[in-house]
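Residue numbers (the working numbering), protein chains in the order written: chain A, 54 to 359; chain B, 54 to 359; chain C, 54 to 359; chain D, 54 to 359.
A couple of the hints might just be wrong.
Since copy identity is lost for identical chains, a pair holds within one copy or between any two.
As the list claims (entries may be wrong) - Calculated lysine-lysine pairs in the PhoX-like style (CA-CA distance at most 20 Å, straight line):
#1 K220 to K320
#2 K86 to K187
#3 K335 to K152
#4 K241 to K86
#5 K335 to K320
#6 K339 to K320
#7 K335 to K312
#8 K335 to K135
#9 K173 to K152
#10 K335 to K170
#11 K339 to K312
#12 K94 to K220
#13 K241 to K335
#14 K187 to K173
Note that these hints are calculated values from the structure, not bench results.
Protein chains: 4
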Amino acid sequence: MELESSKWFFDEINPHLLQLHAIEGTIYSGRTKFQSIDIMKSPSFGKVLVLDGKIQSSEVDEFVYHELLVHPPMLAHPKPEKVFVAGGGEGATLREILKHPTVKKAVMVDIDADVIKVCKKYLPEYNAGAFVDKRVRVYNTDARKWLAESKEKFDVIIIDLTEPVEKGPAYLLYTREFYQIVKSKLTKDGVISVQSGCASYTELLNLKAVSHTLKSVFPIVSIYQADIPSFGGPWGFCVASMTMDTAALTPVEIDKRIKARTLTDLKFYDGLTHLQMFTLPKHMRKATARGGRLITDDSPLYLYKG
Amino acid sequence: MELESSKWFFDEINPHLLQLHAIEGTIYSGRTKFQSIDIMKSPSFGKVLVLDGKIQSSEVDEFVYHELLVHPPMLAHPKPEKVFVAGGGEGATLREILKHPTVKKAVMVDIDADVIKVCKKYLPEYNAGAFVDKRVRVYNTDARKWLAESKEKFDVIIIDLTEPVEKGPAYLLYTREFYQIVKSKLTKDGVISVQSGCASYTELLNLKAVSHTLKSVFPIVSIYQADIPSFGGPWGFCVASMTMDTAALTPVEIDKRIKARTLTDLKFYDGLTHLQMFTLPKHMRKATARGGRLITDDSPLYLYKG
Amino acid sequence: MELESSKWFFDEINPHLLQLHAIEGTIYSGRTKFQSIDIMKSPSFGKVLVLDGKIQSSEVDEFVYHELLVHPPMLAHPKPEKVFVAGGGEGATLREILKHPTVKKAVMVDIDADVIKVCKKYLPEYNAGAFVDKRVRVYNTDARKWLAESKEKFDVIIIDLTEPVEKGPAYLLYTREFYQIVKSKLTKDGVISVQSGCASYTELLNLKAVSHTLKSVFPIVSIYQADIPSFGGPWGFCVASMTMDTAALTPVEIDKRIKARTLTDLKFYDGLTHLQMFTLPKHMRKATARGGRLITDDSPLYLYKG
Amino acid sequence: MELESSKWFFDEINPHLLQLHAIEGTIYSGRTKFQSIDIMKSPSFGKVLVLDGKIQSSEVDEFVYHELLVHPPMLAHPKPEKVFVAGGGEGATLREILKHPTVKKAVMVDIDADVIKVCKKYLPEYNAGAFVDKRVRVYNTDARKWLAESKEKFDVIIIDLTEPVEKGPAYLLYTREFYQIVKSKLTKDGVISVQSGCASYTELLNLKAVSHTLKSVFPIVSIYQADIPSFGGPWGFCVASMTMDTAALTPVEIDKRIKARTLTDLKFYDGLTHLQMFTLPKHMRKATARGGRLITDDSPLYLYKG
């Protein structure tokens, strides 16, 4: 085996499965009040953002992740004007939201101001000017607290968080209580999308739990997924709403809405992509149909030890 | 990071990307005339067959691989009676073929008798009796040579080979010249399917080359893919024919044929799975549409150094 | 970097330093009542015995370890007739002891009968017939308990144990209370030697603690060390006695005693080796002179988590 | 196994033995005309200098390496006034040389000006002001060429080079022809010391070849070694001369000379250290006595592929 590096990043998929990425260079390495940040260069994936030892996004395939997270709920809603993002420090989620001409206000609440600062400096193409857009408000506080205290309601709420780690900044934003707060802050036809972790057949713990917990709050919940190579395989997302069935939209309808919203330059998402990512193979349908864990404040789910 | 093993298998995706599998136990380890064989136990994937350091299949997800490789071409053909397999040492490809009641004869040519022997002994559930089925003939010789000299024609030809390694046993079974031989041994409506390597967006070299090379021989060629977790991500396959357009079959038609062939117990494949695996996301459609390398006997493709 | 294996054994030196050994083959892999056992083949070290994920000895350099552990105390004593070994499952410690024609009785107490059984079968050259020598008695029970209850006294006591792991079989055989028992079971000029862990300048925790704890019981204690490549660097040992100063023996005296005991065929140990291994470089003298931790039953030392 | 890092440096000892160091931080990473440079922070070893993927020295144990390389030849010579260093980019070899009050001129020839520049900036404590000492001359050219063309002779010549890599900057500075040039540039009682690679019992190829090649040029050649933990085990050096037998100096004589040269603050080297490092255990004496390879310009030795 010929290895083309002597420096490697170990990404833990689980305690008996690792993905190793050659480190071509280190662009930034530091620690905020909440987590460690590394921006490395990988020969396969370009610049890679790593928080607390987990890859958050890579230059080469971040468009998949961010289009996936943003456009399905944004297109499911007929006219999203106010959008809320929990997390999203890179600014790329904002970037995708702002492509929708309907948007009048986008609020992003990320607890970690330093992540935003570092991303602005070293990954400027991720936000592509989103942070200076007049429609955007950014707050650095706990997203749950902010949302609970907010008097505003939102048409789309996007949960773009790191995975739940013991004592980490995010684990209380994956619980039923949090989703109940979200529900109370959505407008009538509002839609929520949630980054929900690995979607490999053998690693469905988090995805099933998030989907199951959402179902305890919302009547319409769908799982969707796409391969994100820098994450080491397929990644899962959930979309939920009181009224809107995102998954049921046909390819033709999606393409029509994409055109109406002037989004034809998207690289990943279109009608066929929509069809593909909401259609799971038979074994995945069966596996995700089986009830997952209910995540609550009293019984949270930790994917990694703190 | 908590590692639950001190023994690890390094799977090279490329020289700067590795997947590491904990080795829970070693069931068999040896070397044949052609390659090294390891059968290990992995906490995530159960028994794993490794040839020349590359995972071939795992107990937990081999059904995905083998159903994927076999049923699309078998169902695309109206009445497959004679089937040829190049490679396929585990016997699981035969197992899936024999589920089709139309099959009268299945010929498997795998150069390495020792792989078959070891798989029979340590992975008996893979072949599930296929090797003693009266319809089956197994030959241990070079599949290309056997096919070239054969006077028979086949309705379905399935190429289930290890990846092309320099001086390895398989690299001359990925060339245009080989596919021309295949074409000459297919019946009029015959269909060929080919294991075609990694389908990650960042690792499409082999898949694009196989698809491009098939297109230089067959008028109808389609790429399809599915996530195979033990392979470290999505895996690609091609199906080709002079007359049959497998990809164009609708979910309803696939489910009808599955029922007619009494295949309703499949774990992975059905109409929706078919739809999902032949529908690529936008960026993958674009990437695979760009012409790949033409693989010829004079200019073969090696994925790994010998 | 060219790696000549896809299977690797990870030896944890500490949580931020690992040695990786290619696994050429697995000879045995199992679990006893007390620990996991692996016997692997390494291209550098031949057969390697691994207990609970830690290398115990290798075919290529076990002679260093076993000569080092046995001959200094055996030659320090004028006429060792009765010898006790705690641990020593491979039988190689016995093998070295029995080379001394003075020996009339050698008692070995290893808690794990299965380790002995597996070593006898797969590493027969390690014991070289020691287990069938009439002078030998083997008991499978806790060595501390056996020794405490024994009515016999011994001229040499050799502590050949795995490292202290939380809840592991050995951690109570590294405490002051244990060494007090040992002292009470030594004859007047008796000598004890102890396998004491890594002797790298940066990894002296265990060696210093064992030495310090022995000094709380015995007036004469010396550290000695040698490089054991399969352990990833220099390894430390202690020798202690009420009356005998092993370290003070000159090379000439050692060579004279070696001749008298008919040990001239040793591969590692002779007068110059003795001089070398009891002479530490200046920084090591300083580092080991500083008091280490006192290990007691109430406050044991764990090198690794259980 | 608990790993305390997700970033690791792989140090190849050989193609089937690796040492992995956690990367706590990256201080500098770049590429010169001749080689790659990394300065990383390791939890075990502090700042670590890596050239072409091989550790050159670490903050925690560089004193061992540099005292070892410099003081034995410097003390063997009665009055070293002119000293030549081949390589030595960190400046720590100069630092040790300049401690000898006899020195009037120290010439250092290192081909890579960028290594010196980076070390000056990020590892200033290594050179400790040596580069601004008036006795020092630094040239950035090929050391062999410089020496061959020099009209000066030197009392001590110190070869402080990276290991011989195919097409690397150093491989022609390990050959008999090079040592013949060295010999012609030494004063009558001149002494040369050479960094000679790994001294593990299982990795003696380079050390034996260097020693053997020196013996083809000098009548008096000795091997000596010490454990350097950041290198993953014991490291070997050779000292050679036409007249001076460094190895034969007694501990008492070494301590006397150390005092006369006002070197009593050394951390590693003294009389006992000298005794220890020139005394090899029996198996190492036997292994190094067997003739090694003769390294010549026509038949150089490469430890790693280029």
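Evaluated hints:
1. Taking the shortest alpha-carbon separations for K220 and K320, neither the intra-copy value of 36 Å nor the inter-copy value of 39 Å comes in at or below 20 Å.
2. In this assembly of identical chains, the alpha carbons of K86 and K187 never lie at most 20 Å apart, being 28 Å within a copy and 48 Å across copies at closest.
3. Taking CA atoms no more than 20 Å apart as the test, K335 paired with K152 passes between copies only; the shortest distance there is 18 Å, against 35 Å inside one copy.
4. For a Cα distance limit of 20 Å, the shortest separation of K241 from K86 qualifies neither inside one copy, at 37 Å, nor across copies, at 61 Å.
5. Taking the shortest Cα distances, K335 and K320 sit within 20 Å of each other only across copies (7 Å), while inside one copy they are farther apart (27 Å).
6. In this assembly of identical chains, the alpha carbons of K339 and K320 lie at most 20 Å apart only when taken from different copies (9 Å versus 30 Å within one copy).
7. In the homo-oligomer, the alpha carbons of K335 and K312 lie at most 20 Å apart only across protomers (15 Å), although the nearest pairing inside one protomer, at 32 Å, exceeds that limit.
8. For the identical chains of this complex, K335 and K135 are neighbours neither inside a copy (37 Å) nor across copies (28 Å), given an alpha-carbon limit of 20 Å.
9. For the identical chains of this complex, K173 and K152 are intra-copy neighbours only, at 19 Å inside a copy versus 49 Å across copies, given an alpha-carbon limit of 20 Å.
10. For a Cα distance limit of 20 Å, the shortest separation of K335 from K170 qualifies neither inside one copy, at 43 Å, nor across copies, at 32 Å.
11. Taking the shortest alpha-carbon separations for K339 and K312, only the inter-copy value of 19 Å comes in at or below 20 Å, while the best intra-copy value is 34 Å.
12. For the identical chains of this complex, K94 and K220 are neighbours neither inside a copy (29 Å) nor across copies (27 Å), given an alpha-carbon limit of 20 Å.
13. Neither within a single protomer nor between protomers do K241 and K335 lie at most 20 Å apart by alpha-carbon distance, with minima of 33 Å and 32 Å respectively.
14. For a Cα distance limit of 20 Å, the shortest separation of K187 from K173 inside one copy, 17 Å, qualifies, whereas the shortest one across copies, 47 Å, does not.
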